[in-house]
Amino acid sequence: MDLSRFQKVSDFEWRVEPEGAMRVPAVLFADEALASQMDEKVYEQMVAVATLPGIVRASYAMPDAHWGYGFPIGGVAAFAPDDGVVSAGGVGFDISCGVRSLTIGLDSGAIESCKAMLANSLFEEIPAGVGSRGSISLDDDAMEAMLTGGAAWAVGQGYGNQADLVRTEEGGCMPGADPAQVSARAKHRQRREMGTLGSGNHYLEIQRVSEIFDQGIAAAYGLREGEALVTIHCGSRGLGHQIGTEFLRDMVIASSRFGIELPDRELACAPIRSELGQRYLGAMRAGINCALANRQIVSHLARAVFARYFPDASLDLLFDVSHNTCKVEAHEIGGVARELYVHRKGATRAFGPGHGELPQALRNVGQPVLIGGSMGTASYVLAGTVSSEQRAFSSACHGAGRAMSRHAAKRRWRGRQLVDDLAHRGILIRSPSMRGVAEEAPGAYKDVTAVVDAAHAAGLARKVACLTPVVCIKG
Amino acid sequence: MSATSCPPRWWHVAHGADVGLAASGSSVAQVFEQMALAMTAVITIQPVETQSCIEVRCKGSDPELLLVDWLNELIFEMASRGMLFGRYEVSIDADRLTAMAYGEPVDPPRHLPAVEPKGATYTALSVHQDAQGCWQARCVVDV
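Note that the protein sequences, when read in sequence, are chains H and G. Start counting the first sequence at 95; every next residue gets the next number (the working numbering). Start counting the second sequence at 96; every next residue gets the next number (the working numbering).
For the record, the hints were derived by calculation from the structure and aren't laboratory data. Computed from a prediction, not measured in an experiment: that's the story for all the values here. Glycine included, C-beta positions come from ideal geometry on N, C-alpha and C. Fair warning: there could be bad hints in the mix.
[Claimed, not checked] Computed footprint of chain H on chain G, listed as stretches where at least three residues anywhere in the stretch have a Cβ under 8 Å from a Cβ of chain H: (1) 118–128; (2) 160–174; (3) 210–223; (4) 232–238.
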């Protein structure tokens, strides 16, 4: 990306002042190397977001930003309730796709002795990949209850415990969900997909805490060097995809009626106060609950597998974060607290210490920010900071971010070879598709360490611990 | 412009995170068939038996919006029926698209499906006739 169009604010912040139709500046958080390696489309997309009605303060891009559709992936934008918009493209198809990590309470050395069997059992028990079906089938009443209750519904069905809900955003249940706004087709698509990982970049990993950067926060999170964790990355499956598809279409068609000029049709949006905007919010929140319930069920399946090998392992939830959302949050604008509709598309909420929505056990240290890497590379645990509130409405990066297209990755790598190479390094991969593994090759992603260092240096979140993979079940 | 000078074909174009589908052909209907084949090839490059068939209908006067609708209908049918399609017959009459999609239930050990499309997007979307009279289409699919 050509950085000459940006004003360099610091080594980790780049700014485009409003010009043309832009209503606010566009701000990118990244070091020079990451920023210059980004696609030109990131510039175009963050500038386009800055033109949307009612946008407040700035259009932001995180250090892992890459070319998305409409919004950049790694894009954050907040809108005022009165004159602002809600955008289905600004949330994305995989509503509330996110990550949760569970501490196993075991040293990773204990896993080594049965690693291969454990990997095989997890691969057998947790449906992954295209066409996989879960063992749970929801009838109409159960679907309604799941879409309203989220992870809290799942816990009520026996998938997990109350302590899990405390460690999930919104206490595991997104308020304001309206299942009536979710189409019959979306519900139909989800009927057999509860408790499934999906495909693409979704995974379940066993990881080892390889380095601690902040002992105090790590202790509060229950992280010890050498300890093993399970991390799950998946979303709202077919239901979220169908909600995204249908409302994106409705918003594209309705944009001219709302008199909104769009530089890109994918930015399609509706006024928050409109009937369409409200219907989308009701459906999207139901999609968030679906994702929360899904990750809760997958956690339950993982716990059942671990119980076979380690009956005393507890698998306590560290935290569950969502990436593709629009949430109503209070943020300070010019010294005044305002209610805003914050879109995070491929970005993590990162509430700092003292935030009232954090559970008591985490309130003094800030929200865990879980950054997924790719197979073979590291993942990171960060903590929300007080400064993140002023930087980007308490938001941080969400992963390494792709550096290479799937198309190019597939030509460059062979899945089988990657799996063998990683096995030599002690990392076991299980996947239904070697072609899928090639598309998700670690080399197709940005350097996750550089992304996390930039987020830390920019004040978006604080580095706490580094996690390295031991087993990866790839969707 | 005769059909032979616009041979039907499809290919993939690079996109940062997702997959770009591209196709050309002698008519809008033909280019839509090719785009659907391009989408199947995102999922699998193994042969897909065309033993059973379903009917798909969409309606829309804007060919670009119709293309997104067509691909999204197929994504829905694949996901909800657990099927893959290997052959498509599309006819377009004014603003109505009617199609037959021929395929079989997805069989992971045989089809080795790589990734599941989540939805067709409106980014870099185009359906147009080039200077030679051939129809060209582009669409990015989120995977």
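Hint check:
no.	hint	in the structure
1	118–128	violated (count 0)
2	160–174	holds (count 7)
3	210–223	holds (count 9)
4	232–238	holds (count 3)
Violated hint for the displayed structure: number 1, the only one.
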